[in-house]
Amino acid sequence: MPAVRRVRQGVGMIVVENLTRKYGSFTAVDDVSFTCQPGRVTGFLGPNGAGKTTTMRVMVGLTPPTAGRVTIGGHVYQDIPNPGRHVGVLLDASAQHAGRTGREILELGARTMGLPSSRVDEMIELVSLTPQEAKRRLRNYSLGMKQRLGIAHALLGDPSVLILDEPANGLDPAGIRWMRGLLKGYAERGGTVLLSSHLLHEVEQIADEMILIGNGKIVAQGDKKSLLAGARQGAATTFVTALDNHALAEAIRAKGITVASAGEGLRVEAEPVEVGRTALEAHVVLTDLRGAEGGLEDLFLELTATTQREAVA
Amino acid sequence: MSAPAPALGHAIDISSTTPTPFLRLVRVEARKARDTRAGFWLLLSTALLCAIVMVIQLAVGITQDDVFLSYNSFLTSTNFSIAILLPVIGIMLLTSEWSQRTAMVSFSLEPRRPRVIGAKLVVGLVLAVAAVVIALVLAVLCNAVYGVLSDDPVRWNATVAQTAAFVLLQVIGMLTGFAFAALLLNTPAAIVIYMVYSFVLPGLFELGAQLMGWFDSIRPWIDFNYAQGPLVDATMAGKDWAYFATSGFIWLVLPLAIGFSRVLRAEVK
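Those protein sequences? They're chains D and L, same order as listed.
Mind the numbering: the first sequence is residues 1 to 313 in my numbering, read in order.
Mind the numbering: the second sequence is residues 1001 to 1269 in my numbering, read in order.
Just so you know, these hints were derived from the structure itself, not from any lab.
One or more of the hints may lead you astray.
[Said to hold, decoys possible] Taking lysine to aspartate or glutamate and the EDC-like style, the derived pairs with C-alpha atoms no more than 16 Å apart in a straight line are:
id	chain 1	residue 1	chain 2	residue 2
1	L	Lys1269	D	Asp92
2	D	Lys225	D	Asp244
3	D	Lys135	L	Asp1216
4	D	Lys255	D	Glu269
5	D	Lys217	D	Glu204
6	D	Lys224	D	Asp298
7	D	Lys22	L	Asp1035
8	D	Lys135	D	Asp121
9	D	Lys224	D	Asp244
[Stated by the list, open to error] Estimated spans, in silico, between C-beta atoms of each pair:
id	chain 1	residue 1	chain 2	residue 2	range
10	L	Val1160	D	Gln78	27 to 35 Å
11	D	Ala174	L	Arg1027	37 to 45 Å
12	L	Ile1222	D	Ser94	53 to 61 Å
[Claimed, not checked] Covered by chain D, per the in silico footprint, the following chain L stretches (three or more residues, Cβ under 8 Å):
id	region
13	1044–1052
14	1067–1078
15	1208–1215
16	1255–1263
Please read these numbers as outputs of a predicted model, since none were measured by experiment.
Beta carbons are placed, not taken as given, at the ideal position from N, Cα and C, and that holds for glycine.
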């Protein structure tokens, strides 16, 4: 068995249908529906307490749903025999016995799934834990090492679906880049990846598809482009810096476009192409021209505003 | 198992995956019971304590002229060693999954929870029987040494019934611990409740029986420790079994059943 095999094409779609989970009068997950496609990385994004973890726990049968259901590859998780061979799960990297070594934790997983010990060594190597680190007890692991171990545990059974809750939490920048490569490659081979995060920048670089959740409800979903397109409607903003900012501002204003100074340059309420054309006509040399990025972040904060602890300015 | 094709395709083919065999779960649970320092030392100290108590008993028997020991008295001394620690092993088998939150992993690798709990129960029973075997072997050794070194005649006075009762007692001890653990899902709470149950409660029952006549008459039906008394002496008669069954239902079957249903439904965090 290769460390990460060529995942069978197109199996393992996650389908969440009208999922609701209530705790007394509190609704943690409120009529949530979405799908995660094989061959794609789906990012599950929302502020803390938005219902991400609860949704994922229902997926793997640890929490019973109040209403609705989740199927993975057409099956309810509990009906999948030896589920570790089909669905890799990492819900909480710290939820392991502090007194066991990293290697022993993987060994227990491998034995439960009926895998040889050689698989454990392969996974330790795959997640770049050294043999010495693998011999240490979990209580001596940093959060980043626990995450690596957790990812190794999720990949043990060579599953076609990965469900990871906040896997980048505690990883250093190099670790986050490593994980991004690993999961992208995994999805490219046909695997289904669902990963959650409360940090937009963690998800936007890796996810093909994004699901934004706030207050237990899906507030937006789609790929990055379509999410941004939806957010930008009509209100394009461009940042521009020219050798002669004053002349450029005059020329833009002459066209009836709102312009204001911003930092070293100008903030223009128009598409970059319009600003560039004006600069050309006015014979002004541009040193910087870009559309306002961070639209996704604004969108994220705006969409989840009601669940944020801090008011959005 | 064949599932209908899902509406959108993308079905995982589970036809060639065999469910996790129960025996494999038992082996994994057995490994879990000893692969941590806490688990390992608990098992080892159970055996060591059993040996130490018997050796002390042996030393006293050899040196004191007015103490007469037999095979059975060596076995009885295990009431102060393995009988105390076996229930703790039973408790730890279950509660460590909650205190260390490994239940999340265990139940996601085998979502059919009764099989995981069943595997733990089997490990508990195997450990109880293993403890009995160790105790029997130690008792044989001690009694043989006693026969050689003491002036008293060596007596092999345990009947098959007494040995069977001894096994049953240890298994009950393990199961009671397991039941309290399932009920509370918390190591310290389960241990404290078990200790209260086995050391404080008998005294209270005794007191109640002395003070109140009506309590004296219902006590045998509700005091499981009391009901196990005749078992130790292997003098169980018809009515004793009725006491045993009724009180056992209250203190063993009921908590076990409630605990099980709690574990099966609990949201694992």
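How the hints compare with the structure:
Restraint check for L:Lys1269 and D:Asp92: satisfied, since their Cα atoms lie roughly 9 Å apart, inside the 16 Å limit. For the given pair, D:Lys225 sits about 33 Å from D:Asp244 by alpha-carbon distance, which is inconsistent with the 16 Å threshold. For the given pair, D:Lys135 sits about 58 Å from L:Asp1216 by alpha-carbon distance, which is inconsistent with the 16 Å threshold. Of the supplied pair hints, the one linking D:Lys255 and D:Glu269 holds, its CA atoms being roughly 12 Å apart against a limit of 16 Å.
A threshold of 16 Å between alpha carbons decides the hint, and for D:Lys217 with D:Glu204 the separation of about 20 Å lies outside it, so the pair is violated. Proposed proximity of D:Lys224 and D:Asp298 is supported: the alpha carbons are some 13 Å apart, at most 16 Å. Annotation: proposed proximity of D:Lys22 to L:Asp1035 is violated, straight-line Cα distance about 38 Å (limit 16 Å). With a C-alpha separation of about 12 Å, the suggested pair D:Lys135 and D:Asp121 falls inside the 16 Å cut-off, and the hint holds.
A threshold of 16 Å between alpha carbons decides the hint, and for D:Lys224 with D:Asp244 the separation of about 35 Å lies outside it, so the pair is violated. About 45 Å separates the C-beta atoms of L:Val1160 and D:Gln78, a value inconsistent with the hinted range of 27 to 35 Å. Distance hint check for D:Ala174 and L:Arg1027: the Cβ-Cβ separation is about 38 Å, which falls inside the suggested range of 37 to 45 Å. Between L:Ile1222 and D:Ser94, the C-beta spacing of about 43 Å breaks the proposed range 53 to 61 Å.
Look at the region 1044–1052 of chain L against chain D: 0 of its residues bring a Cβ nearer than 8 Å to a Cβ of that chain, fewer than three, so the hint is violated. A count of 0 residues in the region 1067–1078 of chain L with a Cβ less than 8 Å from any Cβ of chain D is obtained; the coverage claim is therefore unmet, three being the minimum. With a cut-off of 8 Å between beta carbons, the region 1208–1215 of chain L has 0 residues touching chain D; three or more are needed, and the interface restraint is violated. Residues of the region 1255–1263 of chain L with a Cβ under 8 Å from some Cβ of chain D number 0, which does not satisfy the need for three, so the listed coverage is violated.
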